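S.K.: Let chain A serve as the given structure and place chain B on it in line with the hints.
Listed in order, the protein sequences are those of chains A and B. Per full-length UniProt numbering, the very first residue in the first sequence carries number 1; after that it's consecutive. Per full-length UniProt numbering, the very first residue in the second sequence carries number 1; after that it's consecutive.
Keep in mind the hints are simulated off the structure, nothing from the lab. Computed from a prediction, not measured in an experiment: that's the story for all the values here.
Here are the simulated lysine to any residue pairs, SDA-like style, with alpha carbons at most 25 Å apart: (1) Lys87/B to Thr554/A; (2) Lys301/A to Asn48/B; (3) Lys87/B to Leu565/A; (4) Lys430/A to Asp7/B; (5) Lys18/B to Arg557/A; (6) Lys430/A to Arg23/B; (7) Lys65/B to Glu127/B; (8) Lys87/B to Glu402/A; (9) Lys599/A to Leu11/B; (10) Lys83/B to Arg557/A; (11) Lys85/B to Arg561/A; (12) Lys160/B to Asp299/A.
Counterexamples of contact, computed for chain A against chain B with all Cβ distances above 10 Å: (13) Pro3; (14) Lys124; (15) Phe156; (16) Ala365; (17) His632.
All C-beta atoms, glycine included, are put in the ideal place defined by N, C-alpha and C.
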Amino acid sequence: MNPKAVYKYCKHLGCCEACCLRYIGIKNPDSYEHVDSFVTIYQDEADKPKQTFEQNEDLENGNDNSLKPEVIDKNVTNGDSDDLTNLPPCKKRRIDVCISCLGVLQEDKRFDSFSMVKNVLAKKKYECATFACALSAPMATLLRERAITLRLAEEFPGYDDKTLTALKEAWKWSFGVQLAAQINKTLDSGAVSPLLVTLNYDYADDMQELEILKQVSPQLFEERSKQKRRFVTEFTRRSVEQALATASLAALQAAGGGLPTASVRALCVGMVCAHAPMYLAGRYIKLSRNLPQSPWILDKKRVLPSSVQEIIYKPLADFYNMDEEEADRRLKLIAAGREDVDVRCLGEGRPFAVEITDPTRQLTADELAKACQLISESKEVIVKQIVPITREDLVQLKKGEETKSKTYEALCIKLSHSQFDDVSPDSPVKVTPEDIARINSFRNTPQNSQNSLNNKSNDHNDSNGDTSDEENNANTLDANGDSLNASPDSKTTKTDIQNTSEENQMAKNSSDAKDIDATPEKNYVQVAEAMDTSLNSEKCDNLSDVKIVIEQKTPIRVLHRRPLLTRTRQILELEAEAVPEHAQLFRLRARTSAGTYVKEWAHGELRRSRPALRDVLRARVDLLALDVSAVHLAWPPPPPPPV
Amino acid sequence: MEYNILDSIDLNDPAIYKSFTDRYFSKRYILNVNGIENNDIMLMFHSNRITLLCLAPSHFFFKKKDKYTLNFNIGKIDRLSNKVKGKGKKGGQALFPDSVICKVEWSDGSSFGIPCGMRGTLVEINENLIKNPELLQEMPDSDGFIAIMLSSIAITDATKNKLLTHEDYMKVVNV
Numbered sequence: 001m002n003p004k005a006v007y008k009y010c011k012h013l014g015c016c017e018a019c020c021l022r023y024i025g026i027k028n029p030d031s032y033e034h035v036d037s038f039v040t041i042y043q044d045e046a047d048k049p050k051q052t053f054e055q056n057e058d059l060e061n062g063n064d065n066s067l068k069p070e071v072i073d074k075n076v077t078n079g080d081s082d083d084l085t086n087l088p089p090c091k092k093r094r095i096d097v098c099i100s101c102l103g104v105l106q107e108d109k110r111f112d113s114f115s116m117v118k119n120v121l122a123k124k125k126y127e128c129a130t131f132a133c134a135l136s137a138p139m140a141t142l143l144r145e146r147a148i149t150l151r152l153a154e155e156f157p158g159y160d161d162k163t164l165t166a167l168k169e170a171w172k173w174s175f176g177v178q179l180a181a182q183i184n185k186t187l188d189s190g191a192v193s194p195l196l197v198t199l200n201y202d203y204a205d206d207m208q209e210l211e212i213l214k215q216v217s218p219q220l221f222e223e224r225s226k227q228k229r230r231f232v233t234e235f236t237r238r239s240v241e242q243a244l245a246t247a248s249l250a251a252l253q254a255a256g257g258g259l260p261t262a263s264v265r266a267l268c269v270g271m272v273c274a275h276a277p278m279y280l281a282g283r284y285i286k287l288s289r290n291l292p293q294s295p296w297i298l299d300k301k302r303v304l305p306s307s308v309q310e311i312i313y314k315p316l317a318d319f320y321n322m323d324e325e326e327a328d329r330r331l332k333l334i335a336a337g338r339e340d341v342d343v344r345c346l347g348e349g350r351p352f353a354v355e356i357t358d359p360t361r362q363l364t365a366d367e368l369a370k371a372c373q374l375i376s377e378s379k380e381v382i383v384k385q386i387v388p389i390t391r392e393d394l395v396q397l398k399k400g401e402e403t404k405s406k407t408y409e410a411l412c413i414k415l416s417h418s419q420f421d422d423v424s425p426d427s428p429v430k431v432t433p434e435d436i437a438r439i440n441s442f443r444n445t446p447q448n449s450q451n452s453l454n455n456k457s458n459d460h461n462d463s464n465g466d467t468s469d470e471e472n473n474a475n476t477l478d479a480n481g482d483s484l485n486a487s488p489d490s491k492t493t494k495t496d497i498q499n500t501s502e503e504n505q506m507a508k509n510s511s512d513a514k515d516i517d518a519t520p521e522k523n524y525v526q527v528a529e530a531m532d533t534s535l536n537s538e539k540c541d542n543l544s545d546v547k548i549v550i551e552q553k554t555p556i557r558v559l560h561r562r563p564l565l566t567r568t569r570q571i572l573e574l575e576a577e578a579v580p581e582h583a584q585l586f587r588l589r590a591r592t593s594a595g596t597y598v599k600e601w602a603h604g605e606l607r608r609s610r611p612a613l614r615d616v617l618r619a620r621v622d623l624l625a626l627d628v629s630a631v632h633l634a635w636p637p638p639p640p641p642p643v
Numbered sequence: 001m002e003y004n005i006l007d008s009i010d011l012n013d014p015a016i017y018k019s020f021t022d023r024y025f026s027k028r029y030i031l032n033v034n035g036i037e038n039n040d041i042m043l044m045f046h047s048n049r050i051t052l053l054c055l056a057p058s059h060f061f062f063k064k065k066d067k068y069t070l071n072f073n074i075g076k077i078d079r080l081s082n083k084v085k086g087k088g089k090k091g092g093q094a095l096f097p098d099s100v101i102c103k104v105e106w107s108d109g110s111s112f113g114i115p116c117g118m119r120g121t122l123v124e125i126n127e128n129l130i131k132n133p134e135l136l137q138e139m140p141d142s143d144g145f146i147a148i149m150l151s152s153i154a155i156t157d158a159t160k161n162k163l164l165t166h167e168d169y170m171k172v173v174n175v
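Okay, chain A solo, but in the shape it has when bound (with noise of 0.2 Å):
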């Protein structure tokens, strides 16, 4: 392939400078920055002149003829088979608007598009020193090019269209390179400046001339009308590809042949600057049972006045100079996971991360000191140390909503007498020894290999002694009691406790049924059964540290908004406290995995959750106040090692 050749017959064809160059496949950035002079070594000295002053006058004359196609082509390739036009040479040598990029490569008028890019950096004052450029240019470019790369082809057997160096290399080579001398920054790649120059490129007649892309892929173009719905525009960047990838000259040239002379050149429309996004890492406790996450709207009106969200947001907003509707729109917060409105978060806080859409400038150590300042001023919600991390490390963040385990602590409240209490149905309710004893050791899966069925449990198989649920009992009991064993406390008590449990069982049964929830051994059955299921799971096979294994439906608070299955999911923990100064109440600390529904778990939502605490207990209890103590992720990520 002789570049000579090449470069005479597009410029034949009606190609600007620039685009001769792209066509042979130059790719050196220095040639587009100074295209007049590099041009020289391919033109014949014939060609030199002239073009300046041919361009004003012809500028006119080209308007009336860009609906006629190939009126240039013809005279360049052999022009035999056609027909269509016998319009004289005269006008092969014009040079107006590029036939190929339509004139965005094309030098003159540039100073707009510059002062446009000036004058919004001057607003958004930028901070980053570099940048990156792109263009989106007209669709009809795509077209034009693949139409000259087919008679290139056809011209010079062996033309490559992979030899064409692309539009918005060629431009950013010209066009950025001067932009940056215009606003004193450095142009970079796309992959390593975090701010980024968009420069949009209309061209009037863009749409009217893809029409023929109907014609060379009808196919293509009948299945995206159709269906009209998943497709909201017919032309598309990827439609034109799609279409021009298989289209073949022959193909175009029958549809009118996609090179017409064009008659206005493609305008700078408008401009982008964006930044990319910044994170910002830390903990955030919460110290309010009045407060959610996020903005509590309900038909329009506010519920609550504030949340963890905008006390967080303010000084960071101010720092940016954003008003708060620009800050709800550009900062968002991405925690792991959330607390009820009127669950506290205290320890160490719930990892957070928020993303700052298009920053002017990263905030300094100071800024980001007082900031935590200013959100622990709010005396609702408190942040020790707010640090920069980069994008990457927000998969940690969302890895911790789903598989880290969190302690919570509870204040619970026993209402009625547990079945295992032998006390007067009219004494008052009171958390006893027995039960902190229980909870402490209740487990409804294997402990260790030593998990044999015990005498006790044999014995009391028996006194029931019928049905094949009775099996199942016998196990839980013996779960049950060899934690029992196991506890290191009131040795002497514990065959006490199985045996008053089993007497007041059945006294119960007899008598009063009122004030229990219900039969004793239905109670028992279920819990049996809910974890002979979770036991057979291979799920909760080799979960040596898991003491509870829970199945929980979709609570009723969000069951409107989620679907309604039945969770699996583990206590790992789980400590009892009685409150010595409140007969009736105990502290709960327990360590759940990720996505259990601890007030459901602590109440049992009408035994929707399963075995719930009141199952431990035999009696029924509620929770009065519940905090996160500890959300067990590290976070935020340590910073990267100095380079």
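M.R.: Okay, now just chain B, sitting in the frame of chain A:
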């Protein structure tokens, strides 16, 4: 202890001791359904429009101490085969105010049906009633609920607004 949980709530505030159903639901009543005296049902509306079907305390069911069983086969429909899919609860049995959810059959051969009282979709039957039918007698306004239903916002609001409130119900029942 920093931020003691005991100090974080007002233990003298009676609101914190409300039962689960009182905390989250508002109760509405339909009396003498189908003209049958004391055929009274209670609908409990969650603020998210999930609705629980229960027997009202004034239902004649509670006066009869005979043994009973619950039958969820209503004509050709087996309420227990109800399945819902996805967030939209697709595939749930369609309900009309007269649709019977379950029949109470006494050992003396008499029986009555419990209608659902509103238009909507059946989301869930209280499966605990199958093994523990006594819950209906013992905890009618909590663990002994009959079914969970879901309807559109419009229907839920309209139904809720036209039914007897708890305060009005108490007045009616006490007279």
